[in-house]
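Asker: Listed below, chain by chain, are the residues.
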Amino acid sequence: MPTFSPAPHFIDPVPNPGDEPYFEAAARGVVAIKTCQACGRTHHYPRAICPFCWSADVVWTDAQGTGVIYTFSVTRRGAAAPYCIAYVTLDEGPTLMTQIVDTDLDNVRIGQRVQARFARCENGTMIPVFAPCEPDHAAKGNA
Amino acid sequence: MTIKGKAYIVGAYEHPLRKAPKHSVAQLHAEVAKGAIEDAGLRKEDIDAYFCAGDAPGANAWSMANYLNLNKLRHIDSTDMGGCSYLMHVGHAAQAIAAGKCNVALITLAGRPNSEGVSGTQVRSRGVNLPDAPFEMPYSPVTVNLYAMAAMRHMYEYGTTSEQLAWVKVAASHHAQHNLHAMLRKVVTVQEVLDSPMVSDPLHRLDSCVVSDGGGAIIVARPEIARALGRPRVRIIGAGESTKHQMGGDIDLSYTGAAWSGPHAFEEAGVKPSDIQYASVYDSFTITVLLQLEDLGFCKKGEGGRFVSDGNLISGVGKLPFNTDGGGLCNNHPANRGGMTKVIEAVRQLRGEAHAQVQVPGCTLALATGIGGSIGHRHGAATLIMERE
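So the sequences go chain by chain: V and B. Here the first sequence is numbered in the working numbering, starting from 3 and rising by one per residue. Here the second sequence is numbered in the working numbering, starting from -1 and rising by one per residue.
Keep in mind that the hints were calculated from the coordinates and are not lab data. It is possible that part of the hints are untrue.
As the list claims (entries may be wrong) - Some chain V residues close to chain B (C-beta under 10 Å, calculated; not the full set):
id	residue
1	Met3
2	Phe6
3	Pro15
4	Asp21
5	Arg79
6	Ala81
7	Ala82
8	Tyr89
9	Thr100
10	Gln101
11	Leu107
As the list claims (entries may be wrong) - Okay, the calculated beta carbon distance ranges per label pair:
id	chain 1	residue 1	chain 2	residue 2	range
12	B	Ala97	V	Gly31	54 to 62 Å
13	V	Ala40	B	Met(-1)	55 to 63 Å
14	B	Leu178	V	Cys135	52 to 60 Å
15	B	Lys17	V	Asp59	22 to 30 Å
16	V	Phe6	B	Glu351	32 to 40 Å
17	B	Tyr154	V	Asp104	19 to 27 Å
As the list claims (entries may be wrong) - Covered by chain V, according to a simulated footprint, are these stretches of chain B (three or more residues, beta-carbon under 8 Å):
id	stretch
18	112 to 121
19	191 to 202
20	247 to 260
21	315 to 321
22	365 to 371
Note that the Cβ used here is the ideal one computed from N, Cα and C, for glycine as well.
Given the sequences, and given the hints that come with them, work out the whole structure.
Answerer: Set out below in structure tokens:
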């Protein structure tokens, strides 16, 4: 039996001052990351200083929204189950916590290429989630 | 300066209850404090330092100091690093004693998550102003799936299997059968672990620790006091601590902060992993044990699965007896924080007071190590090495 998350539930984030551009970007379908103008490195979660060189010269940049699943777990017990929490490594470098959606969760694999989609939290805030770039085998079998 | 030999664990006490719906949290703290000071053969008036963490009512020291009516405190430490706080407290107490700041330190832990209905699949509320929370909480990270993601990655990188993880639980259950107070005393098989319900891939229910009420307390004292008491002497010879986190987005879940706390403790103690006769290893989940054993150098990175298999952690059977009280996997996990009970069982082993069926013969060198927070995102780690004098 494939496992789909029937009605994904995303808890409202409580942003801190300075986080607004991240969620504004998500509302227009973009994953925003911080890039350091001093050392050139990207980081996540976004900070007011570069976590690598401590330069305050950090700017928001648009990521492509593509990446690879670093790890994941399908949670099968508890109120929100089933759902698939994951870390996705963006092509730009940083790894972010997210959920894998719109696929048979039993077929999620480490190393799978994924593309950002955008989900609505209860209060309307948009957040990035990810789905496989290629349809999974079960979906192919049904097609 | 080193803490090696500057302080001794002279008192230890574990609360016998695993469900205490009629106890207040303060009462549990008080009962373990009383138990530990009596175990040491000291008096309340001797206590001049108090250590507690976030499980203490109010999350700092003043409420319990008030409840216990501790009037002679001249050193206070409410360092909170989750479940490994108490391992850190022992090291900090040794530092304070070595610096001449105090003579007799009391460390307490207690809580009642079992009575309060806490589960590892619940999203726990976090404090305000946390910079990471807006980027994580929407995705429902919970205790079990954060650890499960580390287990999944370990399987991918090193070929670790669910059968290997299950051996950690099997070993704990072999020990717990002898502990009258343990929540789960039934010996289980690898197959029974694999057949238990999947909670969050790849961790089953039996890969997870229990949820229990209760607590524990430790008394640390300076050498002259320890020598004047009639108890077997447990000398603190090494302590290390660290934090590990998400590295700005360069996330690597293949190791824990024990990779830093361990070497610091071993260096201070002047011993090697192969010298250790007994290890208390924080076992929130089976994967927690496997990662720490690798990080501490009991085996190479990636070989933890093979190391824990075939009963290698069972006292009297394997090379490294661990958690002979049954640990968090079978005995208890008071306040969802396992560091205190790790120290207590190591003290029992060094005193020769563990259950006869699990006592390591001639145990003179023991390690206790723990993780607080989650290996899946942010945690503290602490390692303690003790010897029987």
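Asker: If a hint holds in the structure, say so; if it doesn't, say that too.
Answerer: Here is what the structure says about each hint:
1. Met3: This hint is violated: methionine 3 of chain V lies away from chain B, its Cβ roughly 13 Å from the closest one there, beyond 10 Å.
2. Phe6: Violated, because the Cβ-Cβ distance from phenylalanine 6 of chain V to chain B comes to roughly 15 Å (cut-off 10 Å).
3. Pro15: holds (4 Å)
4. Asp21: holds (6 Å)
5. Arg79: Check passed: Cβ of arginine 79 of chain V comes within 5 Å of chain B, closer than 10 Å.
6. Ala81: Because about 8 Å separates alanine 81 of chain V from the closest Cβ in chain B, which is inside the 10 Å limit, the hint holds.
7. Ala82: With a minimum Cβ separation of about 5 Å from chain B (threshold 10 Å), the hint on alanine 82 of chain V holds.
8. Tyr89: holds (6 Å)
9. Thr100: holds (6 Å)
10. Gln101: holds (5 Å)
11. Leu107: holds (9 Å)
12. B:Ala97 x V:Gly31: 54 to 62 Å: The hinted range 54 to 62 Å holds for alanine 97 of chain B and glycine 31 of chain V, with Cβ atoms some 57 Å apart.
13. V:Ala40 x B:Met(-1): 55 to 63 Å: violated (38 Å)
14. B:Leu178 x V:Cys135: 52 to 60 Å: Given a distance of about 56 Å, which is inside 52 to 60 Å, the answer is holds.
15. B:Lys17 x V:Asp59: 22 to 30 Å: This hint is violated: roughly 55 Å between Cβ atoms.
16. V:Phe6 x B:Glu351: 32 to 40 Å: For phenylalanine 6 of chain V and glutamate 351 of chain B the Cβ distance comes to about 53 Å; the hint is violated.
17. B:Tyr154 x V:Asp104: 19 to 27 Å: With Cβ atoms ~23 Å apart, the hint holds.
18. 112 to 121: holds (count 4)
19. 191 to 202: holds (count 7)
20. 247 to 260: holds (count 4)
21. 315 to 321: violated (count 0)
22. 365 to 371: Violated - the stretch 365 to 371 of chain B has 0 residues with a Cβ nearer than 8 Å to chain V, which falls short of three.
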